[in-house]
Amino acid sequence: MNHSVSIEIGSQIIMLLAALMLVLQLLLVVQRMLLINIRLFALQSLMLTAIATVVAYYYNATHVYIVAVLTLVGKVIFLPWLLNRLVRRINIVQEIEPLFNAPTSMLICGGLTLLGYLVARPFTTLHKLGNNTLAIAITLLLTGFFLMINRRKAISQVLALLTIENGVMLAAVALTTYGMPLVVELGIFFDVMVAVMVLGILVYRIRESFDSMDTSKLDQLKG
Amino acid sequence: MLLTPILVIPPAAALLCLLVRSRRLMEGLNMLAFAATLALGIRLLHEVLARTVVTEWKEFFYADALSAWMVLLISAVSLGSSLYAGRYFRRDLAAGVVTAGRVKEFFVLTPVFATGMFLVVLANNLGVMWFALEATALSSVLLVALYNRKTSLEAAWKYIMLGSLGLALALFGTVITYAAAVGQNGNGRLPSFNWSHLMTVAAQFDPRLIKLAFVFVLVGYGTKAGLAPMHTWLPDAHSEAPSPTSAMLSGVSLKVAIYALLRFHILTTQCLGTGYSRTLLLGFGLFSMLLAAPFILVQSNLKRMLAYSSLEHVGLICAAIGLNTPVTIFGALLHMGYHALTKPVLFFAAGNIHQTFHTLKFRVIGPGVVKVLPVTVLFMGLAAVAAMGLPPFGLFYSELTVLSGGFAAGRTFISSLILAALIAAFCGILKQLTRILLGARKVERANDATAWDGVPAMGLLVGGLLVFSVWFPEPLLQLIHQAAGIIKGKS
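Those protein sequence lines, which keep their order, are chains A and B.
Its first residue numbered 21, the first sequence is counted upward by one per residue in the numbering used here.
Its first residue numbered 8, the second sequence is counted upward by one per residue in the numbering used here.
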């Protein structure tokens, strides 16, 4: 019975960490400084790493440890460093100009969180470790979409995409008990890395051609 | 060993292209690689007919009739594209539109792009399939941005953003599918995430999770397939990419995404045993078709119009599969093949026109292109007649097959809608192309084009189209029947 008690605790820890991911997401939505946004994303990825570690510990699953290490190296250290470098290199204005102001954004995200919980409700009865994280994963997805619409700067759109990716990985780690098979996790990991590099190249070229990173200037193609 | 070489040859060619300096050699390597995969694809066809499925590396790679059909399409279109690319880029280089470095980028990335597509259709693991599809998106986005014009960067940005969003959703759907499969398995460990394994245990999946998963997968892979209303990246990317890339995007890349969608469709149908996924496919397919027709009619840009025509064809394929009778599914698969042979020719011809007139706008090109580029217009006319669905070309038969299957199954209303959309698209393409191709030239332009530009590539594909329109080899027919059987499932 000792085992089931520890599972209970593990579940609570995962829930707590997932909730922190959501809180960080909301901070991302209202934070206007680009560099701080990148740090918030790194912190959110750190929470994901912690969740993977907890899952790996409770199920004694080696390959989830590998996932945790990959997340730590890739999303907590490498990608934020890369984005930071990009921001400094192209010397952009730091402040993001969102479409909606902070209170409105917060209100919309609150609504989206509610929606996430509604969608996930029928599935939260599965008796597994961290079974309530599906709602948070869906919420991360939805708020990520909102973040993407709300931001004009190319790099902050990339960040929004990465938080959506974090949401999907949260679902992968927590919802499926052991996470996805290792080959899939590795594939996803490398894809995300390459994707950000490709996006970086594009951001750089857009910056060179348009003298700006404002994606609302990309409006010549219509119909 | 048959599947492994298909997946090894193109990346090897890409690697070699990275190392060599001569552009001729790069062209040759590309062509050689795709000719080899085409030959291997034909061997795979016979193997699949003999053994039903071919697997390698402990079932990591898996090919059934559907995969073999896709391998043939990918190889044929890629071969056509690489045949055309050499000539095309030499003219671009002469005109100073691209740099030598960018051309190299093209010859390196194109085999990578094709490898991604081969991996999508040969991977057994659904997660690996996702990973491969993302790889195709990432390699093709740099191809779309190749010209580095403002508009091509805009198109690339929209493409990568929408594509990545779609793929994130598809990944979510894949994860949920995995969860649905694990859910019933007491200890929470799935022996494998292979499609072939999932099919054997599909009946025990959690139906609610599978339903949720399919919606995500449909929207996700549907974005990559260009289904409306997620299609908005499609005309931009197709019109801004270099013509050989447009041909590959439209000719096979869209269909590869549909292939991924189909794998989930088959799985969902196997699990639920109902019309859930096929109704959704039918809805999205019909909507795409109906949306495409008016847009074809109002386009002012040649390649954008062709992109919307692709949207219409993709819609037809989805709708035909959604109708879910053996006849319509057969028609859909046939349509994939014929469309893959037709659309690249149109894009190649559009490329020639673009390079000669330095614009794609109908109004600027003006009437009477036939006086300037007679051979190009001949091929374009043939391909356009085919794309409109007129006899004697194959697309006429495949469209007729779909329609007759639909009417025979008693889906009169839906079949009539499909027919209406087809007729509308027919009128649209006819009106737009006659505007520029025929008639007398009003403005004389300096003509730096040689008449035979791109003829080998266009000739190969149009020739193939004509041959297969009148004579369909028995093994190929059997293959499509088998593939249709896989999609139809047991129910």
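Check each hint, because a few of them may be wrong.
To be verified - Straight-line distance between alpha carbons at most 20 angstroms, and here's what the computed EDC-like set of lysine to aspartate or glutamate pairs gives:
| no. | chain 1 | residue 1 | chain 2 | residue 2 |
| --- | --- | --- | --- | --- |
| 1 | B | K157 | A | D239 |
| 2 | B | K65 | B | E54 |
| 3 | B | K368 | A | D239 |
| 4 | B | K157 | B | E112 |
| 5 | B | K218 | A | D239 |
| 6 | B | K157 | A | E28 |
| 7 | B | K111 | B | E34 |
| 8 | A | K242 | A | E117 |
| 9 | B | K378 | A | E228 |
Calculated directly from the structure, the hints in this document are not laboratory data.
In this text, all values refer to a predicted model and were calculated from it rather than measured experimentally.
Going through the hints against the structure:
A distance of roughly 10 angstroms separates the Cα atoms of B/K157 and A/D239; the hinted pair therefore holds under the 20 angstroms criterion. Using a Cα cut-off of 20 angstroms, the hinted pair B/K65 and B/E54 holds, with the two alpha carbons roughly 17 angstroms apart. The suggested pairing of B/K368 with A/D239 holds, with an alpha-carbon distance near 18 angstroms, which does not exceed 20 angstroms. For the given pair, B/K157 sits about 19 angstroms from B/E112 by alpha-carbon distance, which is consistent with the 20 angstroms threshold.
The straight-line distance between the Cα atoms of B/K218 and A/D239 is roughly 37 angstroms, outside the 20 angstroms bound, and the hint therefore fails. Simply put, B/K157 and A/E28 have alpha-carbon atoms about 55 angstroms apart, too far for the 20 angstroms limit, and the pair is violated. Taking the CA atoms of B/K111 and B/E34, the gap is near 10 angstroms; set against the 20 angstroms cutoff, the hint holds. Between A/K242 and A/E117, the direct Cα distance comes to roughly 24 angstroms. Violation of the 20 angstroms bound is thereby established for this hinted pair.
For the given pair, B/K378 sits about 40 angstroms from A/E228 by alpha-carbon distance, which is inconsistent with the 20 angstroms threshold.
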